[in-house]
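> Listed below, chain by chain, are the residues.
2 protein chains.
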Amino acid sequence: MAEIRRDPATSRWVIVSTDNPRHPADFEKEITEKSNGACPFCPGNERMTPQEILADRESGGQPNNPPWSLRVIPNKFPALRIEGGLDRSGLGIYDRMNGIGAHEVIIETPVHTKRLADFQPQEMERLFQVFVERSLDLRKDKRFRYLLIFKNEGMLAGASLTHSHSQIIALPIIPKRVSEEMRNYDEYFEQKERCVFCDILQQELQEKNRVVLESPNTLCFAPYASRFPFELWILPKTHLSDFAETPKELLTEAGNSLRQVLGKMRSVLGNDHPYNFLIHTSPLAGTSREGYHWHLEIMPRLTRVAGFEWGSGFYINPTPPELAAQYLRGEKTI
Amino acid sequence: MAEIRRDPATSRWVIVSTDNPRHPADFEKEITEKSNGACPFCPGNERMTPQEILADRESGGQPNNPPWSLRVIPNKFPALRIEGGLDRSGLGIYDRMNGIGAHEVIIETPVHTKRLADFQPQEMERLFQVFVERSLDLRKDKRFRYLLIFKNEGMLAGASLTHSHSQIIALPIIPKRVSEEMRNYDEYFEQKERCVFCDILQQELQEKNRVVLESPNTLCFAPYASRFPFELWILPKTHLSDFAETPKELLTEAGNSLRQVLGKMRSVLGNDHPYNFLIHTSPLAGTSREGYHWHLEIMPRLTRVAGFEWGSGFYINPTPPELAAQYLRGEKTI
Numbered sequence: 000m001a002e003i004r005r006d007p008a009t010s011r012w013v014i015v016s017t018d019n020p021r022h023p024a025d026f027e028k029e030i031t032e033k034s035n036g037a038c039p040f041c042p043g044n045e046r047m048t049p050q051e052i053l054a055d056r057e058s059g060g061q062p063n064n065p066p067w068s069l070r071v072i073p074n075k076f077p078a079l080r081i082e083g084g085l086d087r088s089g090l091g092i093y094d095r096m097n098g099i100g101a102h103e104v105i106i107e108t109p110v111h112t113k114r115l116a117d118f119q120p121q122e123m124e125r126l127f128q129v130f131v132e133r134s135l136d137l138r139k140d141k142r143f144r145y146l147l148i149f150k151n152e153g154m155l156a157g158a159s160l161t162h163s164h165s166q167i168i169a170l171p172i173i174p175k176r177v178s179e180e181m182r183n184y185d186e187y188f189e190q191k192e193r194c195v196f197c198d199i200l201q202q203e204l205q206e207k208n209r210v211v212l213e214s215p216n217t218l219c220f221a222p223y224a225s226r227f228p229f230e231l232w233i234l235p236k237t238h239l240s241d242f243a244e245t246p247k248e249l250l251t252e253a254g255n256s257l258r259q260v261l262g263k264m265r266s267v268l269g270n271d272h273p274y275n276f277l278i279h280t281s282p283l284a285g286t287s288r289e290g291y292h293w294h295l296e297i298m299p300r301l302t303r304v305a306g307f308e309w310g311s312g313f314y315i316n317p318t319p320p321e322l323a324a325q326y327l328r329g330e331k332t333i
Numbered sequence: 000m001a002e003i004r005r006d007p008a009t010s011r012w013v014i015v016s017t018d019n020p021r022h023p024a025d026f027e028k029e030i031t032e033k034s035n036g037a038c039p040f041c042p043g044n045e046r047m048t049p050q051e052i053l054a055d056r057e058s059g060g061q062p063n064n065p066p067w068s069l070r071v072i073p074n075k076f077p078a079l080r081i082e083g084g085l086d087r088s089g090l091g092i093y094d095r096m097n098g099i100g101a102h103e104v105i106i107e108t109p110v111h112t113k114r115l116a117d118f119q120p121q122e123m124e125r126l127f128q129v130f131v132e133r134s135l136d137l138r139k140d141k142r143f144r145y146l147l148i149f150k151n152e153g154m155l156a157g158a159s160l161t162h163s164h165s166q167i168i169a170l171p172i173i174p175k176r177v178s179e180e181m182r183n184y185d186e187y188f189e190q191k192e193r194c195v196f197c198d199i200l201q202q203e204l205q206e207k208n209r210v211v212l213e214s215p216n217t218l219c220f221a222p223y224a225s226r227f228p229f230e231l232w233i234l235p236k237t238h239l240s241d242f243a244e245t246p247k248e249l250l251t252e253a254g255n256s257l258r259q260v261l262g263k264m265r266s267v268l269g270n271d272h273p274y275n276f277l278i279h280t281s282p283l284a285g286t287s288r289e290g291y292h293w294h295l296e297i298m299p300r301l302t303r304v305a306g307f308e309w310g311s312g313f314y315i316n317p318t319p320p321e322l323a324a325q326y327l328r329g330e331k332t333i
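Going line by line, the protein sequences match chains A and B. Yeah, the first sequence ends on 333 if you go by numbering that gives the first Met the number 0, and it's all consecutive. Yeah, the second sequence ends on 333 if you go by numbering that gives the first Met the number 0, and it's all consecutive.
I should point out that these hints are in silico values taken from the structure, not numbers from a laboratory. A portion of the hints provided could be inaccurate.
Any copy, or any two copies together, can satisfy a pair, since identical chains are not distinguished.
[Stated by the list, open to error] Straight-line C-alpha distance at most 35 Å; calculated DSBU-like pairs for lysine-lysine:
(1) 75 with 331
(2) 236 with 113
(3) 236 with 263
(4) 247 with 175
(5) 141 with 263
(6) 263 with 207
(7) 175 with 263
(8) 141 with 331
(9) 175 with 191
(10) 191 with 75
(11) 263 with 247
(12) 139 with 331
(13) 191 with 331
(14) 191 with 113
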């Protein structure tokens, strides 16, 4: 069982793998060992993964066997485990709890080399529906406070396998970034009686110079204080705190926006550029929920410079968002 | 002139290089271009750097000429510039100011291949004195709110040159991590009338299992909620908020602790493992100062997994600090 520990100096929670720790000699080996051998996410290799939680088999067939178009499995090396109690406890000045949670992998396509930018609209629509389906199922577990849906694409972005996949982690705590955003939202709302993200949307729609893509109900733009070159956010235009409650049409539209901007990114940044995306949504029941506006953040990994940023929370971004948006809108070419 | 921009959703400040931006084609070139050619930090190549601010020439000689044992120069590609006014302004919902600040590079040794772990005690002592000297000089500028002293060692940690160097950035704002620590400190102090870092020190000294090195007046340990494998903190044992006011003997001791733990890290993690270190100190005049306990954070860069951590502020650490400390104390071998 892993442990979740709290740093009293920053209130930051960290998952510490106390049960299956990595030793100094394990770090170097990692890249080479994983780059050879069969892909566990390819059809025909289902026995290499844990038993599936959900799968799409349009033409029928047996679980954990081909053919399928999408599969959800528990992570074989989960950061958190589902069995057991939280056992919250103090250790002098420190706080800890057991590493309870869920960690699932969504194998987005059976085709080893297909990227999200290659997806058909209906494939992306289905992926977003699966995000919602898994969210609705996982939130039944009352131990969980937060669901984190994210994707690591490319080795430089932390992916250990190249076959396209995303992940869902169910956490018994709220991640720091989300609680910060909630705190800020609350302060902002108290002052102005308006949602900070709604106000951001309005200003971006007026200024237009950071907008990359607009659809009837979503906006994709390079945020004013982008941390990374070509960072993008996708937001629903109307105030909606909970991703899992997104109406079907809006969900389809959001998936389609993601598909389109990933295509634009590829044409500007080259094939297979590494990136992460993350869906920030409101915490689960038991904590404040209204004060939030869900959004999807895309962070390309173009710069190696990240050392002191981690330690200081202070970022230096060499590419202004206005310039990134110009490239992505196709007004500027490389 | 760069811009410093505030994200209204998180209150995070970001430096955006609006004056000399990087375009999509610039990202790939970077590594190859910088890896060939003469090293601008080597003796004899002083003309390749801006005019020096400070240098140690034990045997005399001309400025910007060899021989020297240490040199401080302005960064040739500064994130912030010293000339001009802050010109704080609002842009609708957004806040911005001019990219005013200082960005200096400390060339720590004339020897191209020498690492900090190879330093003699008096060389490290001098380096820490220079950190203080530059801090005291830079803080005379009343526009600055914070001084960030840090080192990127190795390409993976964000260094663009291999010749050993550290950096000082003077900022007109307080970095997020420091203001978070201050907020937490304040809450903690209000409840307990004690400093959270002083309490952490006491508990680490009692438990001992995360301690790596103890000297009469400093403690080096792997923090309880370490974000990264082999993360280490060095703290003065007595409460001291301002790094630049560290008494000479304690400063020497802190430098010596850093030198020794870097040696231990090298023997466990291998030659030239990449890392960052950062000195967290209290903000400059005009903001709360007492509520802080300076410390040096060392973050080895062993894991590629960092994508969603950036976005969520939520970390997964595969190596428990207790295990890291065992290796670094030499009780466990690879």
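> Give a verdict on every hint.
Comparing the hints with the structure gives:
1. 75 with 331: For residue 75 and residue 331, only the inter-copy Cα distance (28 Å) is at most 35 Å; the intra-copy one is 44 Å.
2. 236 with 113: within (30 Å within a copy, 55 Å between copies)
3. 236 with 263: within (21 Å within a copy, 53 Å between copies)
4. 247 with 175: This pair counts as within: shortest intra-copy Cα distance 29 Å, inter-copy 37 Å.
5. 141 with 263: neither (40 Å within a copy, 45 Å between copies)
6. 263 with 207: within (17 Å within a copy, 53 Å between copies)
7. 175 with 263: both (31 Å within a copy, 32 Å between copies)
8. 141 with 331: Answer is neither: 49 Å inside a copy and 41 Å across each miss the 35 Å cutoff.
9. 175 with 191: This pair counts as both: shortest intra-copy Cα distance 24 Å, inter-copy 24 Å.
10. 191 with 75: Result: close neither inside a copy nor across copies, 47 Å intra and 43 Å inter.
11. 263 with 247: For residue 263 and residue 247, only the intra-copy Cα distance (25 Å) is at most 35 Å; the inter-copy one is 56 Å.
12. 139 with 331: neither (48 Å within a copy, 43 Å between copies)
13. 191 with 331: neither (38 Å within a copy, 57 Å between copies)
14. 191 with 113: neither (46 Å within a copy, 56 Å between copies)
Hint check: violations occur at hints 5, 8, 10, 12, 13 and 14; the rest are consistent with the structure.
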